[in-house]
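Trainee: On the provided structure of chain A, position chain B as indicated by the hints.
Residues per chain are reported as follows:
Number of protein chains: 2
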Amino acid sequence: MLRTESGVPAASTAADVPAAPPAAATNGANGTNGAVASSGTKALMAFLAAQKDAVDAALDAAVDASIAPAGPETATISAAMRYSLRAGGKRVRPALTLAAASMFGGEAGMAAAMPSAVAVEMIHTMSLIHDDLPAMDNDDLRRGLPTNHIVYGEDVAILAGDALLALAFEHVAKATEGVDPRRVVSVLGVLGGCVGARGLAGGQVMDLESEGKGDGEVTMSTLTWIHTHKTAALLVASAVAGATVAGASEEDVARLRAYATKVGLAFQIADDVLDVTASSAVLGKTSGKDEAVNKVTYPRLLGLEGARARAEELVSEAKACLDVYGDKAEVLLGLADFIIERRN
Amino acid sequence: MLRTESGVPAASTAADVPAAPPAAATNGANGTNGAVASSGTKALMAFLAAQKDAVDAALDAAVDASIAPAGPETATISAAMRYSLRAGGKRVRPALTLAAASMFGGEAGMAAAMPSAVAVEMIHTMSLIHDDLPAMDNDDLRRGLPTNHIVYGEDVAILAGDALLALAFEHVAKATEGVDPRRVVSVLGVLGGCVGARGLAGGQVMDLESEGKGDGEVTMSTLTWIHTHKTAALLVASAVAGATVAGASEEDVARLRAYATKVGLAFQIADDVLDVTASSAVLGKTSGKDEAVNKVTYPRLLGLEGARARAEELVSEAKACLDVYGDKAEVLLGLADFIIERRN
Numbered sequence: 001m002l003r004t005e006s007g008v009p010a011a012s013t014a015a016d017v018p019a020a021p022p023a024a025a026t027n028g029a030n031g032t033n034g035a036v037a038s039s040g041t042k043a044l045m046a047f048l049a050a051q052k053d054a055v056d057a058a059l060d061a062a063v064d065a066s067i068a069p070a071g072p073e074t075a076t077i078s079a080a081m082r083y084s085l086r087a088g089g090k091r092v093r094p095a096l097t098l099a100a101a102s103m104f105g106g107e108a109g110m111a112a113a114m115p116s117a118v119a120v121e122m123i124h125t126m127s128l129i130h131d132d133l134p135a136m137d138n139d140d141l142r143r144g145l146p147t148n149h150i151v152y153g154e155d156v157a158i159l160a161g162d163a164l165l166a167l168a169f170e171h172v173a174k175a176t177e178g179v180d181p182r183r184v185v186s187v188l189g190v191l192g193g194c195v196g197a198r199g200l201a202g203g204q205v206m207d208l209e210s211e212g213k214g215d216g217e218v219t220m221s222t223l224t225w226i227h228t229h230k231t232a233a234l235l236v237a238s239a240v241a242g243a244t245v246a247g248a249s250e251e252d253v254a255r256l257r258a259y260a261t262k263v264g265l266a267f268q269i270a271d272d273v274l275d276v277t278a279s280s281a282v283l284g285k286t287s288g289k290d291e292a293v294n295k296v297t298y299p300r301l302l303g304l305e306g307a308r309a310r311a312e313e314l315v316s317e318a319k320a321c322l323d324v325y326g327d328k329a330e331v332l333l334g335l336a337d338f339i340i341e342r343r344n
Numbered sequence: 001m002l003r004t005e006s007g008v009p010a011a012s013t014a015a016d017v018p019a020a021p022p023a024a025a026t027n028g029a030n031g032t033n034g035a036v037a038s039s040g041t042k043a044l045m046a047f048l049a050a051q052k053d054a055v056d057a058a059l060d061a062a063v064d065a066s067i068a069p070a071g072p073e074t075a076t077i078s079a080a081m082r083y084s085l086r087a088g089g090k091r092v093r094p095a096l097t098l099a100a101a102s103m104f105g106g107e108a109g110m111a112a113a114m115p116s117a118v119a120v121e122m123i124h125t126m127s128l129i130h131d132d133l134p135a136m137d138n139d140d141l142r143r144g145l146p147t148n149h150i151v152y153g154e155d156v157a158i159l160a161g162d163a164l165l166a167l168a169f170e171h172v173a174k175a176t177e178g179v180d181p182r183r184v185v186s187v188l189g190v191l192g193g194c195v196g197a198r199g200l201a202g203g204q205v206m207d208l209e210s211e212g213k214g215d216g217e218v219t220m221s222t223l224t225w226i227h228t229h230k231t232a233a234l235l236v237a238s239a240v241a242g243a244t245v246a247g248a249s250e251e252d253v254a255r256l257r258a259y260a261t262k263v264g265l266a267f268q269i270a271d272d273v274l275d276v277t278a279s280s281a282v283l284g285k286t287s288g289k290d291e292a293v294n295k296v297t298y299p300r301l302l303g304l305e306g307a308r309a310r311a312e313e314l315v316s317e318a319k320a321c322l323d324v325y326g327d328k329a330e331v332l333l334g335l336a337d338f339i340i341e342r343r344n
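Chains A and B are the protein sequences, given in the same order. Note that UniProt numbering has the first sequence beginning at 1, numbered continuously upward. Note that UniProt numbering has the second sequence beginning at 1, numbered continuously upward.
Worth flagging that the hints you see were computed from the coordinates, not collected in a lab. Computed from a predicted structure; not experimentally measured. A few of these clues could be false.
Same chains, same label: a pair holds when it works inside one copy or across any pair of copies.
Unchecked claim - Below, a list of computed lysine to aspartate or glutamate pairs in the DMTMM-like style, where the Cα atoms sit at most 25 angstroms apart:
1. Lys-52 x Asp-271
2. Lys-328 x Glu-154
3. Lys-213 x Glu-154
4. Lys-213 x Asp-271
5. Lys-289 x Glu-217
6. Lys-213 x Asp-180
7. Lys-295 x Glu-209
One chain only, chain A, in its complex shape (with noise of 0.2 angstroms):
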């Protein structure tokens, strides 16, 4: 057995967290200094904070677990995983699996999930490390912290990210406990998908297509199918791998994934809208870089109101479709609020 499941301390389920302000909302390395607490992101905030040690602990443990008999041969690679790993995320697609398996198996079900949950920052990192290379976006900055290759090489960077991967389906095939291997494999099928040709990379290659092209080449439909892939389907792939490993029907799967697609396009609009207004010091990465390459984004189409407006509209679609679960979606609705209210 991994180190990963054992010793984690039990996790609180969405009904029953704290309604103090969370040690998240003064933590600036959390990314949520500044934003305008409602109370449905409050709700998320505490969820965050409650399990983002749990988290790290539990990213941690699995990189510990695939080096192990750790050696001199293995200090590098897992150097350059670990620092990407630790390089201060939100951890919110972690929270999203962690929040969707309380919804359906409370306590037991967030631990059935916390390997999925791993899992999806594994992808979300390797995703980052390979996008800042200079053959992608080339960017020396991210979360406040010089990239991955700025600090390991492009070529240790290239092969962490392809480990990490890697150990995102090694680490749920080996590690989930107490649930139906059929649901394993299910879930590790959405997570094979979210990454591949109609998902991050997918998304990325068209998103890479589209920069320096008119506004007349790049449709509001182009765009919308670059965001449901490069940015959506992983935070899919979250709600459902948490979904499914605590039981939940179709039914409820088709409703989050109707959820996490909205989610996932207002997240990416909101992107777009604070690339435009932040600053490169609060966003922790540069800031400007879509106008700078010629990019064709949502405030470009719809102007910086109309972007706006378009991502309220999509996060109040995506809470409609967890209406049939009344309180328990709680963290889920706060989550979908937090995507406009953050400053960074």
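Mentor: Relative to the frame of chain A, chain B by itself:
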């Protein structure tokens, strides 16, 4: 259901392959031209020839399924994925998977193992695409053709590799049929492990770190670690995956693991020898690269003859691991012989 599994012609089992010279033996693109065909390798070549079309069709169908519904958005990434999948590989790893599956499950075992066979070739192809990148080995030529990044650009090549890696897992999860899902989960764990810090990626990082170091700094022990993880790990996973889906016992899996570890090490030693002795035209890639980057290799540590002898010794040991299976292991025994008889 994916198209992959239907319509694949029923394949011969290891026990009834034809003795006549197979098509592959006369096909230069398959890389078997000029090989000294012993009776053992004849069985392998017949097996490779009988399986190659089915594997190629299954690879293509797996990419089709991953982009369905196909549209202009997935045109570039799927073309880049197919370009390297179709670039004339010998399909040694899928053959290993299918031959192992045949030993334990006959024709039904091979059919169940086809998604795993496809997956190991995708993982292998991903590793070639990423290894050829300018930041890594910086190779323009692979299997006699321009490398992926020369044709599609570095950015798309990185993403096509990521997509192939993810598709390997997605495909095994979605397309494996008639197998206990616990065995499918086990295969997915094994496949993940062979890529990560103690697999391809970790082995490659150590290989990069050893470049330019003197003989005294890179010991035989380090070199063996590199090759065991960079090369043997995927061969082990290929054999273990085939055996596992076909119902092999833990004892069987342990034997195959030992066999494939030794075959993998012999394979890498033979590669090092060929890098010194063969021309770029015969290799289909740039020869003499190891010396150009001052790399410590088996020929450098043991001399050419010493390296050849070590490879032969490993092949004998590998074959001995399968003694218990008698003639049923014919193809796997042939594969071991092929490793040191091949000329490219």
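Trainee: Are the hints correct? Go through all of them and say.
Mentor: Evaluation of the provided hints:
Taking the shortest alpha-carbon separations for Lys-52 and Asp-271, only the intra-copy value of 23 angstroms comes in at or below 25 angstroms, while the best inter-copy value is 47 angstroms. Taking the shortest alpha-carbon separations for Lys-328 and Glu-154, neither the intra-copy value of 44 angstroms nor the inter-copy value of 46 angstroms comes in at or below 25 angstroms. Taking the shortest alpha-carbon separations for Lys-213 and Glu-154, only the inter-copy value of 20 angstroms comes in at or below 25 angstroms, while the best intra-copy value is 28 angstroms. For the homomeric pair Lys-213 and Asp-271, the shortest alpha-carbon distance inside one copy (20 angstroms) is at most 25 angstroms, but the shortest distance between copies (45 angstroms) is not.
In the homo-oligomer, the alpha carbons of Lys-289 and Glu-217 lie at most 25 angstroms apart inside one protomer (20 angstroms), although the nearest pairing across protomers, at 44 angstroms, exceeds that limit. In this homomeric assembly, Lys-213 and Asp-180 never come within 25 angstroms of each other (Cα to Cα): the closest approach is 48 angstroms inside a single copy and 50 angstroms across copies. Taking the closest pair of Cα atoms, Lys-295 and Glu-209 come within 25 angstroms of each other only inside a single copy of the chain (10 angstroms); across copies the shortest separation is 38 angstroms, beyond that limit.
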